[in-house]
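Residue numbers (our numbering), protein chains in the order written: chain L, 1 to 364; chain A, 1 to 289; chain C, 1 to 288.
Hints were generated in silico from the structure; no laboratory data involved.
By construction, the Cβ of each residue, glycine as well, lies at the ideal position given by its N, Cα and C atoms.
Please note that a few of the clues may not be correct.
Unchecked claim - Derived contacts from chain L toward chain C, CB cut-off under 10 Å, selection only:
hint, residue
1, PHE81
2, LEU86
3, MET90
4, PHE98
5, LYS104
6, ARG146
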Amino acid sequence: MAQVVLKDLNKMYDDVHAVKDVNLNILDKEFVVLVGPSGCGKSTTLRMIAGLEEITSGEIQIGNRVVNDLPPKDRDIAMVFQNYALYPHMTVYDNMAFGLKMRKFPKAEIQKRVQDAAEILGIQELLKRKPRQLSGGQRQRVAVGRAIVRHPQVFLFDEPLSNLDAKLRVQMRVELKRLHNRLETTAIYVTHDQVEAMTLGDRVVVMKDGWIQQVGEPLEVYGRPRNRFVAGFIGSPAMNFIETTVADGAGALWVECAGLRLRVPAERSARLAGKRRQAVVLGIRPEDLHPATGADPVDLTCEAVVDVVEPLGSDILLDVKVGNCVIVVRVDPSVRLRQHDKIRLAFTPERIHFFDAKTEESLQ
Amino acid sequence: MTRRRLRGLGRGGLCALVVAGALFPISFMLVQALKTPQEDVFGHPLIVRAPTLDNFRELFGEARQERGLVGRVLLRTYPVVRWLENTLLVFGASIVLTLGLSVMAGYGLGWLRPPGWRGWRRGLLATYAIPHTILFIPLYQVVIRLGLEDSLAALILTYPMLALPFCVWLLSAYWERLPRALEDAARVDGASRPAVFFRILLPLSTPVLVAAGVFTLGTVASDFMLASVFLTDPRVQTLPVGVGTMDVGLEELPAVAAINLLAIPLALLCGVFVRSYVRGLAAAMAEGA
Amino acid sequence: MVAAWLLLAPAAVMVAGVLAYPVAWEAWTSLTDLSPQRSGPARFVGLRNYVELATNPVYRFWPAAAATLAFVGLTGAVKLALGLGLALLLQRPFRGRALVLLAVFLPWVYPASVAVIGWYWTLNPPLVTSYSRLAADLKQAVDGAFGSGAWALASVGLFNVWRGAAFTGVFLLAGVQAVPADLFDYARLECPSPWRRFWFVTVPLLRPFLALAVFLSLTTGLADLANVWMLTGGRVVFPVLGTEAYWLGVQAGQLGPAAALSLTLVPPLALVLWALFRLVDPPEERPR
Ligand SMILES: Nc1ncnc2c1ncn2[C@@H]1O[C@H](COP(=O)(O)OP(=O)(O)OP(=O)(O)O)[C@@H](O)[C@H]1O
Ligand SMILES: [Mg+2]
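Required output: the full structure, derived from the provided sequences and hints.
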C-alpha cells in the first residue's frame, strides 16, 4: 500500500523558488506523470520525494509515513535517472545487484531477483558486460532493471527515455507501460514530452514555473484544459489560439477578429455574457477544424488561405491564414490542396475553448 | 529536524577545524611579522598586542635606527625591491612561457592527435619521475656553459619543466574530449583551422587555462632549490633565495616580514581563482580522467 | 600531422633540453668515480658505486631507503586521507562552502619557496623567541626518540602534509565534480551505510584521480625535502636518500655514489608511474 502524498511542498534554492505549494495525492498502484517545460520544477519535486533534495517546507508521505526526515535509502523507493547513473566499474550484474548487496540480501535471493529482472527486460545475455559496452537502449534497460530488483514501494523516473532515439523511445514507452501493468507498483514519472505523459500516465500533472497547473487523466487534461498554458502544452500539434473580441448580434453572442466571425454556441454563452466588448482568446485544436461541408452551420466557419502543406501520411497538416493569424489544421490525407488555395474551415462547436485574455483561465 | 541539525553541526565543526588547520601557519607567520623585537621575545606566541609595520619598513631600509638591540653596523641592507621585481618577472615569464608551450602541445596532442600522441603525453608526464636531488649539479654546468649564471633567464628557461608536463596533460585531456563537431561546424562556416582554435577552442577552455596557470604559479613558486643554485648575486636573486640568505639569527623578524610580503598577495591572487581552478580541473578530467 | 609535431616540438624541446644532459650526466657519473677532490679524469667503474651503496654501511643506504620510504609513504598516506576527506566534505553545497574551499586552497598557493623558510625556522627557532622553549622541548623529545635530525625531518613532513593535503583536497574535489552527480545520488538511494558507499562507490569512481594525486604528492614530497636541504645547507642530517645524495655529492665530493644514490629513486617512481598510466589512461581507445 504505497500512496504518495505531497502537502504544500515548497523548494527554495538560494534565490530560485523552484517548487511552489505543490499538493498531490498519488494513489497506490497509480502511474502519475509530471510534465512541463524545462525548468518548471519537475525534477526538483521528484528528487524531494526521493530524499535527494531537502524540503524547504511542506510534507511528503510515502505509504502513510511522513518521510521528510528520512534519508533516501530508508524511503523504500527506487529511481531511474536520465543518464542512467550506471557504475562504469561494475558489470551489469553487479550494477543490478548493487542495491540488494548494500542491503545485505542473501546471495541466492539477489541472484534470483537479478535473473528475474533480466528476463523481464530481455537482458540476460548482457549481465557480464560493463556499461560502456552497451548501447543506449540496453543501458536504459539495465537502469530500469536495477530499480525493479529492489521491489520498492514506489518507482521514480526522471526523464528515463530522453536519451534514446525516437523509435527506441516509443518501444521503451510501451515496455514501461507493460511493466507497470505487471508489477503494479506506484510510479512517478517525470518528462517534458507530452506524448509520453499522455500515453503512460494514469494521471498527468502539468507544471509550470514551480506551480501545478492541472492534475487529471490524460483525456481530461486534453479535453478540458484549465488554462491556456495547459491547452497549449498538451496536444501535438499545439492548440491554435486566436485573439478575439466578444460582440452582440442577432440574439446571440459572437466572437470576432479580422477575417473571422463565429457565433458562440449557446451552451457557452453564459460564461461569455459578462465579457461583451472585451477580449477573449479562442482556442481550437488542429484536429477540431475541418473543411466545411454543406452540413456545417455557416456561422461556425471561416475563410482561410493555405500557406504550407505538411503531409504526414496518416493525415495532413495545413498551415492556413485566417485574417492576420496563422493556424494549423489537421485534415484527412485525401484532401488535395496546394499553397494559396482558398478553403472554408468549419469549427467543431463542442470543442471550441475560450480563455480569459488576462488571467488565461478557461472560460468553460 | 534534529538529525539534520546534528549533521549540520558536525559539518560546521569539521569545517572550523579544517579552516583553522589550513590558516594557522599562515596567520602564525603573519603575526610574527607584525611583532616588535620585544614582543617577539617576551610576548605571546600566537597573538600580537601592538602590531607594527616596522619589520616591513626595515626591510626597505627605512627603520634601521629604531632597532636598539643590535648595532647598526652588523646589519646588511637588502635589495628587497629588486628581489620582488625579479620574482615577479621570473614567475610571470615562466607562466607565460609554460602556458604558451602547453597550449601548443596540448592542441597538437589532444585535438590533432598524431599517431602515438598518448605516448608523447605520457613521456612528458614521466619526467616527473626523475628525482631532482642532485640534478642541479649538471644543470648548473649547462647554465654556465650557456653563460646564464646569475641571470634570471636560467630560471625562466628551467621552470617550465616543472609544470609543463601536467599542463599539457590537462589541456590535451580537455581538448581530446571536446566534440569534433565544434571544428566541423566552424569550418563549414568558412573559418580556417587557426581561426577555429583562437575563436572557439581557446575561449571554451578558459577555466582549464586558468587551472593550468594557477598550477604553474603554485609549482614555480614552490621552487627554492634551483633558484638558490643559479642565482648567487644578491642583485639578481629572487625573493625566496634572498630571504634564504638573510641571517635569520639576527634578522628573524624582517625575514618573516619578507616572507609575508611575497606570500600573502600571491596566495590571495591564486585564491581569487580557486573556483575556476576546480572547474577547469574537473572539465579536463570529466569521465574518469 | 606535421602541424601536430611542430606544435609539440617546443614543449618537448623545452623539457628534454633541460633534462637530457643532466640525466645523461647523472647516469654516466653513477658509473664513474668522479670527484672534484681528486685530480685526473674520472674513471669508469661500472656498477661498483651501486654495489658499494648496497653493501657498504658507510653509505647508510638501507637506513636512508627505509627512512625515505617511511617519509614518503607516511606523508603520502596522510595527504591522501586528508585530501579525500576534504574533497568529500566540500562535495555538497552548504552555506560558507566557498570560504572553506578558499581556506583549503591557501596552503598550496602560499608559495612554498618562502613558506618552507618560515616553517623551518618557526619549528627550529634560531634564537630566543616567545616559543623557543616549547620548540626546543619538542625537538629534544622527537630527536631523542627517533635519532638526531628526526625533528627536522618531521617538520618537513608536517609542512609537506599541510601543503600537499591542500593540493590533494582541491584536486580530488575537482575529481568528484568530474564524476556525474547521478552516480553519487544513486548510491545515496541504495546504500544504507556511508562506509560501504565510500568503499564500493566513491573510491572506485575516483580511482584515476586518486592515482594522479598520489603520484603528484610523491614527487612534491621529494621536492619539499630538496628545498629544505638546500635551505639549511644540509643541516637536516636525518638520513634520507635525497639528503644522503646531496651530502655525498656536495659535502663529501663523491659524485659517483651520489648520482647512483639518487638514481635508485627512479625504479620505484617508474613503477608508480606505470600503475598510474594503467589507471588514468588505459591503453585501448575507449568506445565513445
Ligand atoms: N541546485 C540548484 N541550485 C539553484 N537552482 C536550481 C538548482 N537545481 C535546480 N534549480 C532551479 O530550479 C528550477 C527547477 O529545476 P528542475 O531541475 O526541477 O527543472 P525540470 O523541470 O526538471 O527541468 P528539465 O526538464 O530541464 O529537467 C530551475 O529554475 C532551476 O534552474
Ligand atoms: Mg529535470
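How the hints compare with the structure:
At a threshold of 10 Å, the smallest CB-CB gap from PHE81 (chain L) to chain C is about 4 Å, leaving the interface hint in force. With its C-beta approaching chain C no nearer than about 8 Å, LEU86 (chain L) sits inside the 10 Å limit, and its interface hint holds. The restraint placing MET90 (chain L) at the interface with chain C holds, with a minimum CB-CB distance near 8 Å, inside the 10 Å limit. The restraint placing PHE98 (chain L) at the interface with chain C holds, with a minimum CB-CB distance near 6 Å, inside the 10 Å limit.
Because the beta carbon of LYS104 (chain L) sits about 9 Å from the nearest beta carbon in chain C, less than 10 Å, this interface hint is met. Hint status for ARG146 (chain L): holds, given a least beta-carbon distance of 8 Å to chain C, under 10 Å.
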